Every structure is written in C-alpha cells, then in structure tokens.
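Enquirer: Chains D and R are the protein sequences, given in the same order. According to this note's numbering, the first sequence is numbered sequentially starting from 1. According to this note's numbering, the second sequence is numbered sequentially starting from 1001.
The set of hints was computed from the structure by calculation and includes no laboratory data. Heads up, some of the hints might be wrong.
Listed below are the simulated PhoX-like cross-link pairs for lysine-lysine, each with C-alpha atoms no more than 25 Å apart in a straight line [claimed, not checked]:
no.	chain 1	residue 1	chain 2	residue 2
1	D	Lys157	R	Lys1202
2	D	Lys157	D	Lys131
3	D	Lys240	R	Lys1157
Quantities reported herein were computed from a predicted structural model and do not represent experimental measurements.
There are 2 protein chains.
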Amino acid sequence: MSKKIGFIGLGIMGMPMARNLLKAGFEVVAYNRTASKAEALAREGARKADSPKELAEECPVVITIVSDTPDVEAVILSKDGVIEGIKPGSVVIDMSTISPRATQDIAACLKEKGVAMLDAPVSGGDVGAIKAMLSIMVGGDAEVFERCRPILEAMGKNIVHVGASGMGQTVKLMNQILLVGCLIGVVEALVFGQKSGADLEKAISAVKGGAAGSWVLSNLGPRIIKRDFKPGFFTDLMQKDLNLVMGAAAEMKLPLPVTSFINQMYYSLQCSDDGKSACSALVKVLERIAGVEVGQPETR
Amino acid sequence: MSKKIGFIGLGIMGMPMARNLLKAGFEVVAYNRTASKAEALAREGARKADSPKELAEECPVVITIVSDTPDVEAVILSKDGVIEGIKPGSVVIDMSTISPRATQDIAACLKEKGVAMLDAPVSGGDVGAIKAMLSIMVGGDAEVFERCRPILEAMGKNIVHVGASGMGQTVKLMNQILLVGCLIGVVEALVFGQKSGADLEKAISAVKGGAAGSWVLSNLGPRIIKRDFKPGFFTDLMQKDLNLVMGAAAEMKLPLPVTSFINQMYYSLQCSDDGKSACSALVKVLERIAGVEVGQPETR
C-alpha cells in the first residue's frame, strides 16, 4: 500500500484526521476549498494541491471528507474533480456521511475508470478525530478494505467492514437513528423528572447501569442538566444526517415515524437559531412545549 | 431492624424476591390473592397469612409488590388491608410500579397511623429478581431507607435513595421513558437496515461500542434479529407503565410526544394479541407499517 495519500476536506473532522496520517508516517497531499487550511497543513509537512484533479494525478489513494452528498459529487465527479486525474488501480475512500445510493452511483462511475471506492463514514466527533479514536464503518470490496486498513487505523479504532458499497453509509445512518432514539428518551425523561421535582443527577446514577442505560444518558445526560450545549456534534449536522435517513427511507418506501418526528424537532431548533448548539439541545424543543427548563434549581 | 417481614404479592417478581429474603435469614409471613402461591412459599419456610390485615398485625415491616395502583390501594387501604392491622412505628415498602401521586397519598394515610412508607420500585426483570440483582429506586425518608437497607440488599444490588416519597416511582417512570426511547431507536434502525439489505449482526457490532450504544441495543437487538420475543418484560406491563407515565405527565400538564406515540404503538401490539410478547415486539408494529420483517434472510 502506497504511503502517499491525497486528502480532500480539512474541516473540523478532516484536519485532525489528516494530521494523524502525517503522524503515522504517510505522505499527505491536501486539497481544501478554502486554501488557507491546506496551507496550514502544508506547514506541518503536507503538500498542497490546487485541485482535486491535480491531487488525484499523483495519489493512488484519495480520501474525501466533506459536508454532504453534493460536495462529494463535486470533488469527485465534476470538472477538475478526482475522476479526471485518478489512475486505474487507485482507491477513493469517502469518509463523509452521505446518501448510500449516491455512494453506489459514485462507486459505479469510478469503477468505469478502474478505480475502487470504499465508503467509510466515521463516528466519534472532533474529539475522536483528534485522538485517532474514531469508529469507522466501511462498505466496499473486502480485499480493498484489507489493503486500506493501515490507513484507516491511523485515524480510528473500531474499524469494521460491514458489507458492499453503500453499506458503510447505511450503518452510519442506522447509528444516527439509534443515537436520536436514545436522545429523545433522555430528553423526555429529564423533562418528566424536572417537572416532577426529581433530583436529576441522582436519577441518572440510579438508572444508568441498568436496562435504561446508554452512552447518551451517561455522557450527554449530565451535560444537559448543566445546560452545557457546546458541541460536540452540531444540531445542523444531525439534521443533515436525519435528512439523509429520511431520504434513503423514502427511496425504499419505508416509513420511520419517530425518526421523522425527531427530525422535525431538530428543524424547529434550526429555525430558532440553535443550529450550532450540540445535538442534545433537542431538550430545548420539549422545554418550549412544556414550559419547564431542565436543571433550573427553582423547580427542584 | 426486625427479621420478620410481611410479604404481599407472589407473582413473577414477588415470589423469587420473597425466596431471597428467606435465603438471607429473614422470617417471612406471606399473603397472596391466589392462596396456592403462599402455600407453595410456606413449604419453603414462610408462614401463610389469610389477609393483609392479619399479616400486618404481626410484621413491623410489610413489603407489597402487586400489579398496579388500584392493587396497592386495595391491599394497603381497603377493608382487611394492611392499614387495619399495622402498628405505629412500622414500615411499608411498596416495590410495585405505580403512580407517584397515589404513592404520596398512600404514604400520607399511613403516616396518620404513625407508619412510614418507602416506594421502592425495581428494574431488572424476573432474572434480576431470581439472582437478587434488581436495581431498586427508593423514595421516602432517608433514615427509614437506611434502616431498611439490609432488607433491600437481600433482593437487589444497585439500591439508590433518590428522594422523598413518590420519587422512587418518578425515577422508575423515567427509567421506562429512557428504555422505550432506546427501543424505538433500535427498532427503527433495524427496520431501516433490513430494508437496505444490511447485515444486521455486523451493523450492531460496528456501532454498539460508540455513541449509539445502549443496553437495549446490545441485549435486545440480537434477540430481535433472531425474532426471539420471549419475555423478559411483557408488552402488557410496558404499556401499563407507559400509561402511568402519561397519567403522571397529564397531572403535571406535561406533553411527552414521543413516549405517548410509543405507548400507542404498544397499544396496537396489545390489540393484535401480542400482550404477552417481550417489549421488544415493538418492532412488529413498525414491520406491519413498513411491509418488511427484520431478520428474514430473503431480503438480506
């Protein structure tokens, strides 16, 4: 496996991931729409490319981690995109969270050029990215996955090949459905407890070790009580991911009543300018309906 | 603390809990509406009482664990009930899951007789009851709780005093809101994954260690995939508990939109005769809407 990696997308996730590749001894060629970020990484040992096409011409492995489906399509398939420069036998690893079906379409376009694609979305947030502790769910050819494993291991910890092309994205979307399920339970339980006059810290410690326990309860529950809504993971990004879920569900003619409702709750958060709050700000929607604030001592 | 305990309610939970008291060296006087169960326990060393009143006359500590709010009111407050026999200075520990407000009312009636009450609902199911591994959430006077701790420790493991009278029930209801939140996420994620053609075992193993992880996902997820709906915890009981949640919420004028919706999904399960299935049978409601069955290999 080549030690030369093209890296496209130096955002809140991509930048620390690219740094971890440098640390692990990979040669990194970076492209970012806002050039200043690529220049910053260049000062840490990367080389800056002027277009995805130019980057792809010299890199047998190209990683993309950008915002949404149209952004991945743009950097890979459009004019001056990866597909115009990349050589047969290369691999594109898309680590963005995007549509499973669009992923399959992009993979098909690349395959025509003799290029393999893995979809490898991540979970674990900016902290996971910085610490190289991301969970990575990978779809695509198993042999290609095994070849690319050392690269993924430089950025993450729990790295699982979950199936064919698109399945990494499908499992990532399952992850988001699971996450908001836990979250809606936590916020409805906390509002219920608050209104009942319960000691919410005690309540969490009494139940978190049992059947009601979850990562969300243990980690976000105490922060909600302290009204700490610093991200973490933006409301805007959560709603983007839930839109992907609902889009994929609609393509399959699958109703998801509760996820759809939670998506609307996130939309209401965005409408009230909470898009940059942590996804746990979901509690605010319920508080507005209920006329009670979690963690306010006067009602305790 | 007296070693003599009155025990009312020898159901799927109460019977093994009473046995654990016997094992721990307590003297148990048992009453059950269906007398044969008290006779069975009598053969294991308990003494059978003919009414809650008779039982209460000789026991300074009385435990009740029956189905629902009216049942607790009946055994404690009605003719031949505990309140007619119990002596001042005694303690009633109600381990049923019932209304927090009714709990406070019953505690007030007992207080007039000089009798203390703890609400101490449990979680952990029949297996937890058998293994003396129940979680016990306790409301009531802290000093009474400390006096009764050795009794509770004979039946459970994670025993937390969460506040004043009624707060044990409030925290138990929070527990149930949390549980069904996790559960709705799991069933919507599994149906989404199934319809997408994902390998659901792999998907669970890829995500369960991260932010989407929960007890429900790790423990009930694999059983749902195998279509194992043996209880565990009945749909009927879950709906009873969610009715308590919605009743308590209505008393406080608190909307809980998602818990309410899930309660209706459980109601639909009951209407189709799934009341004795495990609470994870919630997936069936979604499957009926979606026209897909989780764990069916033909769609994988």
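Enquirer: What hints, given by number in increasing order, does this structure fail?
Expert: Failing hint: just 3.
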